[in-house]
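Produce the complete structure using the sequences and hints provided.
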Amino acid sequence: MMNWQVILPLIFFLVIIFLIGIWANKHVMQSNSFLQEYFLGGRQMGGFLLAMTMMATYGSASSFIGGPGVAYNTGLGWVLLSMAQLPAGYYVLMVLGKKFAIIARKYKAITLIDFLHERYKSNFVVIVSALSIIIFLFASMAAQWIGGARLIESLTGLNYTSALFIFAIVVLVYVIIGGFRAVALTDAVQGTVMFLGSVILLVGTIIAGGGVSNIMSDLVAENPKLVSPFGADGSLTPLYVSTFWILIGIGVIGLPQIAVRAMSYKNSRSMHSAIIIGTIAIGTVMFGMHLTGVLARPVLPGIDIGDKVMPLLTLKVLPPYLAGIVLAAPMAAIMSTVNALLMLVSSTIVKDIYLNYIKPKANDHEVKRLSFLVTALIGLAVIIIALKPPSLLVWLNLFSFGGLESVFVWPVVLGLYWKKGNKYGAASSMIVGLVSYIFIYEKWGTTFLGMHTVTTSILLSLVSYVVVSLLSSSKFKDVKHII
Amino acid sequence: MNDKRYKVAHREALIGIALVVVNFAIWFGFAYGLGSGNPKEYTYVFGFPAWFFYSCIAGTIFMIVLLMVIIKFFFKDVPIEEEDGDDQ
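As given, the protein sequences belong to chains A and B, one line each in that order.
In short: position in the first sequence from 1, add 50, done, that's our numbering.
In short: position in the second sequence from 1, add 13, done, that's our numbering.
Check before you lean on any hint, since a few could be wrong.
Far from chain B by the CB rule (all over 12 Å, computed), these chain A residues [as the list claims (entries may be wrong)]:
id, residue
1, I66
2, L362
3, L521
Ranges of calculated distance between the beta carbons of each label pair, as one might list FRET restraints [unchecked claim]:
id, chain 1, residue 1, chain 2, residue 2, range
4, A, Y407, B, S49, 54 to 64 Å
5, A, K470, B, I30, 40 to 50 Å
6, A, T496, B, N51, 23 to 33 Å
7, B, A31, A, L521, 27 to 37 Å
8, B, F86, A, V517, 36 to 46 Å
9, B, I30, A, Y157, 36 to 46 Å
Hints in this document: simulated from the structure, not taken from any laboratory.
Idealized CB from N, CA, C, for every residue including glycine.
Rendered as structure tokens:
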């Protein structure tokens, strides 16, 4: 099934992404501070770029493929749940905010772990942070990678392995040569494609279904619960859905790939406009894609595999040239998440592990070579994992989400705002957060005491941060903080 | 050390928390306040069930307008580089 009208816009999109990578490589080669340029784009992001890279990093395969598939089977209740993501647009930038940007500059921090390192002066905190980033984000990257390959597979008819290699090579080339600047710039293109794609598909679906009223009465005729906030089988309780405000809303502040962006903008005016642009973009994309998933039900009934809803719907309701643009959107979502994760895992290994512990005196040339090499090797490792993929994309993704949030949210937030917070508090909260999340998740799955599992872990890690910091505060009486 | 820019930053962080509380209240109030009855007896606004329209559509638009107003009137432009400028 080679549909060239669909494939050409996709190829055009990939070529643009490539060219941006090559252009960004010039900056990398000419910069006199390689690390700051490669891993942070020289802290030069303006408002639009910051908003788009936040949105594109956050919006992933699950927003475009997995999420609409679940919405298709669950109904409007899942759109309601997805709107818990709106705060991710403003809350992260407001709460980390200027304080984080100012302190990151005072500490000369390039990674989130640099900040934790300077704030807590603890090797233990650094190593636990580095390991959680590497393990969780590797898993999450693999899930995204698989999503990307499946998408190419279903669009072009290529087999999974070739699709995987095409996807991987495109992403790897521009990330390796261009660094963070290429990631941010391609995110702006990808974010724009995501925004337009979700709007076009929503409009197309409403037209194909004969208007909103018509679609709603079809849904009510099939199962009235599809238009209720409680889901098709009534299982979405208010408490459970509300706790998603922690997982996909305010807890996002603890995701290192998001937090690092909050220290890479140029000035406070860029941050102000990013808050507005980012919230509009996240709101539109999440609302549009999930609502589209629900509306697709009467338009395209009887799809068993949730992940297939979005691609099949696009091909059905849109003319081919528009379908090409819309199908570039999930591709963009996946790439923009993968590139951020790849950059982050690579910076963790190069900056936080190698330069901290293995060879602190490495010269610029060595660091440069190592950065390219490490980024490439991680990319290859992900490909190998993705060759034998596990299923359930959404949950794999949410697992790493919750795990990272439980580890990082309090050491970052309280580290910024609470002088009494210290390394013992941070270390204990990371361990408690991580262990409790994995333990509860393994034993009870995603629902514990009627709430999403992440809720309990985040509460437990808060308690241990505060209690342990207070108990050990006598040891830190003479410490002078710049926070 | 007491950096006077922190005062601005702290106030803005608190505004962020307040906004989430408002956002959550609108979202929760309309969704479960209007949506808890029998789905067959829902009222509809612009084709959508009323709970959904007010919670997810009107609520989101309201939040975006509120954000614009708050940023314009309450967020301050402060330098984020080193204050004394003697680094490097």
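Hint by hint, here is what the structure shows:
no., hint, verdict
1, I66, "holds, 29 Å"
2, L362, "holds, 24 Å"
3, L521, "holds, 26 Å"
4, A:Y407 <-> B:S49: 54 to 64 Å, "holds, 56 Å"
5, A:K470 <-> B:I30: 40 to 50 Å, "violated, 20 Å"
6, A:T496 <-> B:N51: 23 to 33 Å, "holds, 29 Å"
7, B:A31 <-> A:L521: 27 to 37 Å, "holds, 31 Å"
8, B:F86 <-> A:V517: 36 to 46 Å, "holds, 39 Å"
9, B:I30 <-> A:Y157: 36 to 46 Å, "violated, 24 Å"
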